[in-house]
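Engineer: As they're listed, the protein sequences go chains A and B.
Under our numbering, think of the first position of the first sequence as 1, with each following residue one higher.
Under our numbering, think of the first position of the second sequence as 1, with each following residue one higher.
Simulated from the structure, these hints should not be mistaken for lab results.
Being a predicted model, the structure only gives us computed values, none of them experimental.
Check before you lean on any hint, since a few could be wrong.
Stated by the list, open to error - Pairwise CB distance ranges, derived in the manner of DEER restraints:
{"id": "1", "chain 1": "A", "residue 1": "T195", "chain 2": "B", "residue 2": "E51", "range": "50 to 58 Å"}
{"id": "2", "chain 1": "B", "residue 1": "A4", "chain 2": "A", "residue 2": "V237", "range": "40 to 48 Å"}
{"id": "3", "chain 1": "B", "residue 1": "R31", "chain 2": "A", "residue 2": "R85", "range": "44 to 52 Å"}
{"id": "4", "chain 1": "A", "residue 1": "P251", "chain 2": "B", "residue 2": "G6", "range": "47 to 55 Å"}
{"id": "5", "chain 1": "A", "residue 1": "R157", "chain 2": "B", "residue 2": "K86", "range": "16 to 24 Å"}
Cβ atoms here follow ideal geometry from the backbone N, Cα and C, with glycine treated the same way.
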Amino acid sequence: MIDKNLELFDCGHRACGGCGAALAARLVTKAAGKDTIVVSATGCMEVFSTPYPETAWKVPWIHSLFENASAVASGIEASLKKQGRTEKVVIMAGDGATFDIGMICISGAFERGHDLTYICYDNEAYMNTGIQRSGATPYDASTTTSPAGKCSFGNKRPKKDMPQILAAHGAPYVATASIAYPADFMQKVEKAINTKGPCYVQVHAPCCTGWGFEGNQTVAIAKLAIETGLWVNFEMVDGKVVKAKKVVRKPVEEYLKTQKRFRHLFKPKRQDAEIAAIQAMADKNAEKYAIDIKLKKE
Amino acid sequence: MALAVGCRARPGKSRDNKTGSWRVFKPVFDREKCTQCGLCMTLCPEGCVHETEEGFVAPDYTYCKGCGICAEECPGTAIAMKQEEK
């Protein structure tokens, strides 16, 4: 059972006001409970939650390097198993550490079948070092290493499909979630922790600084990503999609317009072809996961 | 500063860092309009909104950064953001 009043991620951390990742960390610790060991990869969350000698975590927490969070967690899990202990091992890493830098160690840990829960808070770029693009950055987003300008509309590549990659490793439970639906997210984390074997949960966590919006819009924007079909909340059990959140879809424009990283699509001139390309991606998502609610015609 | 073995720190020591000083706008909770649904408690990235002894919901201004997610997401209109004078 999830204890809503449990606070294991304390006040006083140095995240920006309205940080999506800080909210994700809070919800994860609530769902995981106190018998948990958290392993963090380098990233914004690691930096804002533990500027030495402070720490916001009230569960055992360890950080080693950017790329090896899964390897460290594998060792902890193996040691706990040998000692006959029952603590759960949870990895919290950003999209940079997951999609790009930690890929080899993640692949290894999932292939060896350790009893781990890997949670990726996806804010769609390297936010801590100054908003560089990662494998999770969406198409046409402007970042400091994929700047929009006269010759470019920003990031040229679509987002990497990490859940499918880990499902292909034979992960028993893979899910995507959003901070805009906290109850659903906590349930998925709880389910992942209680499933034996390596499980993966990817949570959409908007970044007000990196994406360019006011801090109070964090949850509203996460919700818009779901409502436009650019982010799909689904669950995969043994490689098969068993559930996906259905929505009455809005046009992608409503999501894009809210963020500075997509501003070049509307100013100085509206880029209809680019917006149509992003809409096509949302349509493809909708078809792939069958998320459209068909309204009855009156 | 001397480093502890393993660079360890006491759990929750971040409380020493009083982030309330970052705030520009302050969420003011209206007790009459609040239905105590608890959404603000769930969605606060600081985890500083809590239930008081009298059974009302209130933020801890020592740590509230004034991001305004609570006011934005409140299903009613029980939370107003007001500019703070310090």
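Engineer: It remains to establish, for every hint, whether it holds in the given structure.
Structural biologist: Hint check results:
Evaluation of the 50 to 58 Å hint for T195 of chain A and E51 of chain B yields a failure: the beta carbon distance comes to about 33 Å. At about 43 Å, the beta-carbon gap between A4 of chain B and V237 of chain A stays in the expected band of 40 to 48 Å. One distance hint, 44 to 52 Å for the beta-carbon pair R31 of chain B and R85 of chain A, holds here, with the actual separation near 46 Å. Here the CB-CB span from P251 of chain A to G6 of chain B is close to 52 Å, well matched to the stated 47 to 55 Å.
The given range of 16 to 24 Å is broken by R157 of chain A and K86 of chain B, whose C-beta atoms sit roughly 46 Å from each other.
In summary, the structure is inconsistent with hints 1 and 5 from the numbered list given earlier, while agreeing with the others.
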